[in-house]
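A.B. asks: One letter stands for each residue in the lines below.
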Amino acid sequence: GQQVMQIPQYQHVQEGEDFTTYCNSSTTLSNIQWYKQRPGGHPVFLIQLVKSGEVKKQKRLTFQFGEAKKNSSLHITATQTTDVGTYFCAGRLTMSNDMRFGAGTRLTVKP
Amino acid sequence: DTGVSQNPRHKITKRGQNVTFRCDPISEHNRLYWYRQTLGQGPEFLTYFQNEAQLEKSRLLSDRFSAERPKGSFSTLEIQRTEQGDSAMYLCASSFADFSRGPTGELFFGEGSRLTVL
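Quick note, the sequences are listed as chains P and B, same order.
Residue numbers 1 to 111, in my numbering, belong to the letters of the first sequence in order.
Residue numbers 1 to 118, in my numbering, belong to the letters of the second sequence in order.
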């Protein structure tokens with residue numbers, strides 16, 4: 001089963017509003033990756049975080065990795081209709097080489 | 001096209017039949033992953049290869065599932081005696097792991113093979 005938990009499951013926002021999705025693991029992660037999957041598409045890599053407390057930005061997207069390397073968040077400022085899709089976090093557990101995905105947060109944006 | 005290629009894209013089969021999916025990864029990638037995804041869920045890890053070696057396999061994976069990567073290039077995933085619960089999208093992903101630089105590289109996914117078991 002999923003070892004990486006993600007909330008919320010769904011988020012519906014008005015265009016221009018902000019959006020945040022959270023990812024939590026019961027065990028320490030070596031790294032965390034974020035992916036976006038458009039409806040009918042396949043997951044596409046957004047970013048990887050490796051260091052404790054790391055923060056990375058991509059235009060309107062801000063990614064954080066927790067100090068304990070057990071949680072992460074993705075924040076989108078001023079959402080646009082092009083942001084629609086499902087956002088997944090994927091974590092690599094220590095002592096493992098596979099990436100475990102969360103269940104995803106499905107974002108819909110009303111114009 | 002130099003991306004990850006999967007075929008067939010769609011497969012409809014009757015319960016009890018065997019099916020095989022093929023994945024051609026990006027040529028310079030040394031790691032290959034198989035995931036299964038059902039509607040509304042994230043990709044569920046099945047197994048992964050580093051070159052031709054199968055290094056990890058999900059404990060949840062039935063013995064009916066087997067995967068190979070004989071020459072460290074393409075991979076096949078076979079499901080024997082399919083059941084209706086096997087209906088899902090089967091995703092293949094590849095990555096390049098540079099051991100000198102540490103953690104897993106980004107995963108490049110294929111378009112997936114959708115299996116429907118009647």
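Hints in this document: simulated from the structure, not taken from any laboratory.
This structure is a prediction, so every number in the text was calculated from the model and none was measured.
Backbone N, C-alpha and C define an ideal beta-carbon position, used for all residues, glycine too.
Worth double-checking, as some hints may not be accurate.
Taking CB as the label site, the calculated pair distances span [claimed, not checked]: (1) P:K110 / B:N51: 43 to 49 Å; (2) P:T27 / B:T76: 40 to 46 Å; (3) B:R81 / P:K51: 24 to 30 Å; (4) B:Q84 / P:P8: 47 to 53 Å; (5) B:G72 / P:T28: 42 to 48 Å.
No more than 27 Å apart at the CA atoms, straight line, and that leaves these computed lysine-lysine pairs for DSSO-like [to be verified]: (6) B:K11 / P:K36; (7) B:K71 / P:K36; (8) P:K110 / P:K59.
Counterexamples of contact, computed for chain P against chain B with all Cβ distances above 10 Å [unchecked claim]: (9) Q33; (10) Y35; (11) V44; (12) V55; (13) S73; (14) T81; (15) S96; (16) N97; (17) D98.
A.B. asks: Does P:S73 clear chain B by more than 10 Å, comparing its Cβ with all Cβ atoms of that chain?
C.D. replies: Holds, since 16 Å exceeds 10 Å.
A.B. asks: Between B:G72 and P:T28, does the C-beta distance stay in 42 to 48 Å?
C.D. replies: Once the Cβ atoms are compared, 31 Å apart, the range 42 to 48 Å for P:T28 and B:G72 is violated.
A.B. asks: Per the hint of 47 to 53 Å, is the separation of the Cβ atoms of B:Q84 and P:P8 within bounds?
C.D. replies: violated (30 Å)
A.B. asks: Is P:V44 truly not at the interface, in the sense that its beta carbon sits beyond 10 Å from all beta carbons of chain B?
C.D. replies: violated (7 Å)
A.B. asks: Between B:K11 and P:K36, does the CA-CA distance stay at or below 27 Å?
C.D. replies: The hint holds at about 25 Å.
A.B. asks: Per the stated criterion, does the least C-beta distance between P:S96 and chain B lie above 10 Å, as a non-interface residue requires?
C.D. replies: violated (7 Å)
A.B. asks: Is it correct that the beta-carbon of P:Q33 has no partner in chain B closer than or equal to 10 Å?
C.D. replies: Not fine: 7 Å to the nearest Cβ puts P:Q33 too close to chain B.
A.B. asks: For the pair B:R81 and P:K51, does the Cβ-Cβ distance stay inside 24 to 30 Å?
C.D. replies: At roughly 46 Å between Cβ atoms, P:K51 and B:R81 fall outside 24 to 30 Å, so the hint is violated.
A.B. asks: Say whether it holds or is violated: P:T81 keeps its Cβ farther than 10 Å from all Cβ of chain B.
C.D. replies: Label holds. Min Cβ-Cβ 21 Å, cutoff 10 Å.
A.B. asks: Non-interface claim for P:V55: all C-beta distances to chain B beyond 10 Å?
C.D. replies: holds (18 Å)
A.B. asks: Range hint 43 to 49 Å: satisfied by the CB atoms of P:K110 and B:N51?
C.D. replies: At 47 Å between Cβs, range holds.
A.B. asks: Just want to verify: P:Y35 was marked as not at the interface with chain B; is every Cβ pair farther apart than 10 Å?
C.D. replies: Violated: least Cβ distance 8 Å, not greater than 10 Å.
In summary, the structure is inconsistent with hints 2, 3, 4, 5, 7, 9, 10, 11, 15, 16 and 17 from the numbered list given earlier, while agreeing with the others.
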